[in-house]
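Number of protein chains: 2
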Amino acid sequence: MSLVPGDFSRFAINQITTPSLSLVEAVDTYARHGAGGIGVWNQYLEGIAPAAAGRLIRDAGLFVPCLCTTAWVNLADPAARAAAIEENRRRLDAAHDLGAACLVVVPGGLATGEKDIIAARNRVEDALAELLPHARAAGVSLGLEPLHPMFAADRSCLNTFRHCLDLVESMGAGTGIVADVYHCWWDPEFPEGLRAAGAGRILTFHLCDWLVPTRDVYQDRGMVGDGVIDIAFHCRLLNEIAYDGPFEIEIFSKLDWWTRDAAETTRISLERCEPFVAPRAGASVCG
Amino acid sequence: MSLVPGDFSRFAINQITTPSLSLVEAVDTYARHGAGGIGVWNQYLEGIAPAAAGRLIRDAGLFVPCLCTTAWVNLADPAARAAAIEENRRRLDAAHDLGAACLVVVPGGLATGEKDIIAARNRVEDALAELLPHARAAGVSLGLEPLHPMFAADRSCLNTFRHCLDLVESMGAGTGIVADVYHCWWDPEFPEGLRAAGAGRILTFHLCDWLVPTRDVYQDRGMVGDGVIDIAFHCRLLNEIAYDGPFEIEIFSKLDWWTRDAAETTRISLERCEPFVAPRAGASVCG
Numbered sequence: 001m002s003l004v005p006g007d008f009s010r011f012a013i014n015q016i017t018t019p020s021l022s023l024v025e026a027v028d029t030y031a032r033h034g035a036g037g038i039g040v041w042n043q044y045l046e047g048i049a050p051a052a053a054g055r056l057i058r059d060a061g062l063f064v065p066c067l068c069t070t071a072w073v074n075l076a077d078p079a080a081r082a083a084a085i086e087e088n089r090r091r092l093d094a095a096h097d098l099g100a101a102c103l104v105v106v107p108g109g110l111a112t113g114e115k116d117i118i119a120a121r122n123r124v125e126d127a128l129a130e131l132l133p134h135a136r137a138a139g140v141s142l143g144l145e146p147l148h149p150m151f152a153a154d155r156s157c158l159n160t161f162r163h164c165l166d167l168v169e170s171m172g173a174g175t176g177i178v179a180d181v182y183h184c185w186w187d188p189e190f191p192e193g194l195r196a197a198g199a200g201r202i203l204t205f206h207l208c209d210w211l212v213p214t215r216d217v218y219q220d221r222g223m224v225g226d227g228v229i230d231i232a233f234h235c236r237l238l239n240e241i242a243y244d245g246p247f248e249i250e251i252f253s254k255l256d257w258w259t260r261d262a263a264e265t266t267r268i269s270l271e272r273c274e275p276f277v278a279p280r281a282g283a284s285v286c287g
Numbered sequence: 001m002s003l004v005p006g007d008f009s010r011f012a013i014n015q016i017t018t019p020s021l022s023l024v025e026a027v028d029t030y031a032r033h034g035a036g037g038i039g040v041w042n043q044y045l046e047g048i049a050p051a052a053a054g055r056l057i058r059d060a061g062l063f064v065p066c067l068c069t070t071a072w073v074n075l076a077d078p079a080a081r082a083a084a085i086e087e088n089r090r091r092l093d094a095a096h097d098l099g100a101a102c103l104v105v106v107p108g109g110l111a112t113g114e115k116d117i118i119a120a121r122n123r124v125e126d127a128l129a130e131l132l133p134h135a136r137a138a139g140v141s142l143g144l145e146p147l148h149p150m151f152a153a154d155r156s157c158l159n160t161f162r163h164c165l166d167l168v169e170s171m172g173a174g175t176g177i178v179a180d181v182y183h184c185w186w187d188p189e190f191p192e193g194l195r196a197a198g199a200g201r202i203l204t205f206h207l208c209d210w211l212v213p214t215r216d217v218y219q220d221r222g223m224v225g226d227g228v229i230d231i232a233f234h235c236r237l238l239n240e241i242a243y244d245g246p247f248e249i250e251i252f253s254k255l256d257w258w259t260r261d262a263a264e265t266t267r268i269s270l271e272r273c274e275p276f277v278a279p280r281a282g283a284s285v286c287g
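Sequence lines, in order, name chains E and G. Heads up, the first sequence is in UniProt numbering, so the first residue is 1 and it goes up one at a time. Heads up, the second sequence is in UniProt numbering, so the first residue is 1 and it goes up one at a time.
If you are wondering where the hints come from, they were derived from the structure by calculation, not from laboratory data. Treat the numbers as computed from the prediction; the structure is a model and nothing was measured. Any given hint could turn out to be false.
[As the list claims (entries may be wrong)] Result set (SDA-like, lysine to any residue): computed pairs, CA atoms no more than 20 Å apart in a straight line:
#1 E:K115 to G:E189
#2 G:K115 to E:F233
#3 E:K254 to G:T214
#4 E:K115 to G:P191
#5 G:K115 to E:K254
#6 E:K115 to G:D230
#7 E:K115 to G:P275
#8 E:K115 to G:F233
#9 G:K115 to E:D230
#10 G:K254 to E:R215
#11 E:K115 to G:C235
#12 E:K115 to G:P213
#13 G:K254 to E:F233
#14 G:K115 to E:L238
#15 G:K254 to E:K115
#16 G:K115 to E:P213
#17 E:K254 to G:E189
#18 E:K115 to G:K115
#19 E:K115 to G:L237
[Said to hold, decoys possible] So the derived list for chain G, only partly shown, Cβ under 7 Å to chain E, looks like this:
#20 L3
#21 D230
#22 F252
[What the hints assert, rightly or not] Non-contacting residues of chain E with respect to chain G, defined by C-beta distances greater than 10 Å in every case (computed):
#23 S170
#24 F252
#25 R280
Heads up, the beta-carbon is just placed ideally off N, CA and C, and yes, glycines get one too.
Working from the sequences, and respecting the hints, build out all of it.
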């Protein structure tokens with residue numbers, strides 16, 4: 001008996017939503033409340049082998065939509081960049097051992113002192129091409145996530161759904177898109193982009209909300225329902241394109257949710273997302 | 001003899017860069033330092049007739065690239081919306097009397113309680129169509145300014161250059177684009193958008209910089225040169241498409257520049273922008 005009623009078979013909670021919990025605690029808390037899956041962050045794998053973590057998660061009946069995230073590859077120093085590529089190969093292996101379908105790509109913004117975002121994007125493209133054979137061999141997709149343009153300088157220079165879709169189309173197998181309404185809701189081309197991508201290229205879909213006002217550029221994201229994003233519209237659209245992959249709540253909120261009790265955040269996450277994450281009629285569940 | 005050497009014949013300072021100065025003080029300060037023009041904000045016209053303000057500005061040898069901004073039209077209440085349209089007709093007349101080439105369009109984001117950004121954008125389009133005959137009659141262009149996506153909810157639902165260009169192309173005469181590197185630098189389609197627009201559709205070009213970190217979503221914009229935007233790249237591109245309209249520095253900075261002496265901000269604005277704002281060879285100056 002889970003604590004929150006509803007069909008959460010395709011719904012995961014991303015660990016960053018409750019950063020105070022260890023992996024073991026998060027698995028227990030999410031499963032007890034009824035979540036179907038857990039989006040894992042790399043730092044919570046310290047001290048536990050990814051295969052053991054994967055067993056722990058499966059034993060609790062949860063699936064793993066993604067491992068977050070790549071180490072930043074967009075570095076000016078060649079040795080640092082080579083080390084980051086190698087680290088990302090290890091994270092692809094970890095994702096495989098965990099049973100995660102994808103590794104979320106957050107490549108960094110501009111290199112230190114750099115102003116040339118076109119060059120930065122070209123370097124990211126090169127790094128992805130370098131990682132792609134390893135991703136394919138590991139059976140883990142590189143999940144390109146368009147990040148909100150306000151993160152272009154210092155977190156990721158991949159900032160539009162269209163740009164990510166172009167990269168995924170050119171790289172082919174072993175790549176896909178991690179879409180997050182928080183990062184894309186403002187984009188007039190987002191609905192059309194989702195249709196152009198089709199269900200098969202979307203690896204996981206993150207739910208979150210945009211608060212008015214937003215008090216912090218990085219960590220003041222809102223609980224689903226507390227902001228201005230039309231979540232229902234986007235979920236209907238995903239249904240129209242026959243998307244039956246995972247939904248995942250992911251909230252960076254140092255000003256609010258991260259200060260609350262993690263079980264309360266878990267419960268409210270499930271309650272708020274329940275209307276949006278039901279399986280498509282006739283579709284198989286995740287995992 | 002102006003205080004800062006250089007050819008500033010196409011370069012204006014936007015008043016919001018030195019918000020503590022009255023219009024009379026701003027005109028005097030900018031002219032004394034050598035600026036070619038002044039971007040005027042509506043609130044500084046209180047207590048002075050626009051035609052008188054225009055004479056004052058011209059007598060100081062300055063041009064007026066724009067009047068900022070429209071009253072927000074994206075309102076749910078029909079009476080409030082009608083009043084905003086009427087107010088914007090008055091502002092178009094004021095822009096005419098001032099001698100400003102355009103009125104900068106900042107239409108508001110979502111209406112209170114609204115989540116449907118597509119509907120919001122449609123309403124803005126309707127409002128612009130309603131204002132267009134008056135703009136044409138006044139000889140003042142509606143200057144559509146793409147605002148950074150982080151302002152989509154609460155300041156403007158016009159957030160990409162491409163979206164604004166589509167609107168300008170469909171509305172035709174009496175419309176154009178106000179482009180600002182701060183709002184557009186992250187956009188992979190911005191360079192291509194500028195080329196597609198061509199010089200004739202760009203009414204004025206704002207200079208500013210993106211700080212890392214950005215400490216405030218709204219009012220922590222950087223002085224040209226202090227951030228990560230490749231200003232030189234964008235100015236070269238404008239030169240390539242034969243743009244010879246105004247450049248204008250516009251900085252919202254409650255955390256830094258607004259706390260400094262306005263004459264110092266004026267001087268540094270001119271010094272920092274001087275390398276970028278020279279007239280094109282063989283082109284006529286602004287004004």
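If you draw a straight line from the CA of K254 (chain G) to the CA of R215 (chain E), is it 20 Å or shorter? Satisfied, since the Cα-Cα distance of roughly 15 Å is no more than 20 Å.
Min Cβ distance, F252 (chain G) to chain E: is it shorter than 7 Å? Violated, because the Cβ-Cβ distance from F252 (chain G) to chain E comes to roughly 14 Å (cut-off 7 Å).
Run the distance test for K254 (chain E) versus T214 (chain G): straight-line Cα separation, threshold 20 Å. 17 Å, holds
Mind verifying the non-interface call on F252 (chain E)? Its CB should be farther than 10 Å from each CB in chain G. Fine: 14 Å to the nearest Cβ keeps F252 (chain E) off the interface.
Assertion that S170 (chain E) lies farther than 10 Å from chain G (Cβ): With a cut-off of 10 Å, S170 (chain E) remains clear of chain G, as the shortest Cβ separation is near 14 Å.
Take a quick look at whether K115 (chain E) and P275 (chain G) sit within 20 Å of each other, Cα to Cα. The hint holds at about 17 Å.
Decide if the proposed pair is consistent with the structure: K115 (chain E) and F233 (chain G), CA atoms, cutoff 20 Å inclusive. 9 Å, holds
Need the status of pair K254 (chain G), F233 (chain E): alpha-carbon distance at most 20 Å? Violated, at roughly 37 Å.
Verify the proposed pairing of K115 (chain G) with F233 (chain E), using a straight-line Cα cut of 20 Å. 9 Å, holds
Straight-line alpha-carbon gap K115 (chain E) to K115 (chain G), limit 20 Å: Cα-Cα ~35 Å, so violated.
Verify the proposed pairing of K115 (chain E) with P191 (chain G), using a straight-line Cα cut of 20 Å. Answer holds: K115 (chain E) to P191 (chain G) is near 15 Å, not above 20 Å.
For the pair supplied as a hint, K254 (chain E) and E189 (chain G), is the alpha-carbon distance within the 20 Å limit? At roughly 33 Å apart (the allowed maximum being 20 Å), E189 (chain G) and K254 (chain E) break the hint.
Hints 5, 13, 15, 17, 18, 20 and 22 from the list above are not met by this structure, while the remaining hints are.
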